[in-house]
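J.: Given only the sequences and the hints, what does the whole structure look like? Please build it.
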Amino acid sequence: MVDNQSIYLTFAVILFVIGAAGAICRRNAIVVFMCIEIMLAGVSIAFVTFSRANHSLDGIFMVLFVMAVAAAEAAVGLAIFLLMYRKQGSIDLDKFNLLKW
Amino acid sequence: MELVFLLICGGVAVIASLLVIFARSTLHSALWMVLSFFMVAIIYVLLHAQFLAMLQVIVYAGAIMMFIVYAIMMLNLRQEAKSKVATRISKVVGVGALIVLFLELTLIGVSHNMATIQGPVTDKLVATYGRVAVISNFLFSDYLLPFEVASILLTAGVVGAVVLAKREK
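Residue numbers (numbering that gives the first Met the number 0), protein chains in the order written: chain A, 0 to 100; chain B, 0 to 168.
One or more of the hints may lead you astray.
As the list claims (entries may be wrong) - Some chain A residues well away from chain B (every beta-carbon gap over 12 Å; in silico):
#1 Leu97
#2 Leu98
#3 Lys99
Claimed, not checked - Dumping the calculated EDC-like pairs for lysine to aspartate or glutamate here, alpha-carbon to alpha-carbon at most 20 Å:
#4 B:Lys90 / A:Asp91
#5 B:Lys165 / A:Glu72
#6 B:Lys123 / A:Asp2
#7 B:Lys123 / A:Asp57
#8 B:Lys90 / A:Asp93
#9 A:Lys86 / B:Glu167
Hint data in this document are derived by calculation from the structure and do not stem from the laboratory. Quick caveat: nothing in here was measured; it's all calculated off a predicted structure. Where is the CB? At the ideal position from N, CA and C, for every residue including glycine.
T.: See the structure below:
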């Protein structure tokens, strides 16, 4: 048990919910992408809190790999946004209906 | 003292994250995002994960945000179009569902008294070898395979980004 554990976890939950709300409400693809990063940050805080509470490094490694995946995701995602902008002239997510039927 | 730091940093992180959503221009969103990541790094320090805090500043606030600002600068982003009624309804429903999610997570998840285990990383071990030495010992023994897989993933990501963004002749 860490001191102030519930406060850390509350901040983690608040950040996660703010990120999820932004991902739902905004339609600019880059802002949605940043909101997903906020969700990842919230989950990471929870991981590190439990890692410290349990005297274990597993949570820290999980955050490490989350960072690696987020970096790869940023590279590929922004390249896709660039491509969509070139084809459509905007990155409004409502216009990305190529795979919708 | 720790509690004061935690409340200040957490509060600033929450406000900055809200401003990411509500900022009019995408570039302002990105700059608030950097502030939010810095505050999360300080929270990692408060949790005695200094190595992770350094990585947070270098990888997130440095590399990933530089990527995003580059992308914003390259694209000519105009204001979002006015929302239609259907999307407004979905927004209301979505935010309502999120409030329910928040209450569930805080009431059940956070306030519940969780059992803790005594893991291998004791304070004595950390004091003897230092945090980074302990982390690297675990990283290059127990977590060697995920580490290598992460490096392959990053290489694939870079190659994929170059292939996608290349202009067709």
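J.: Could you check the structure against the hints above and give me the numbers of any it violates, in ascending order?
T.: The structure breaks none of the hints.
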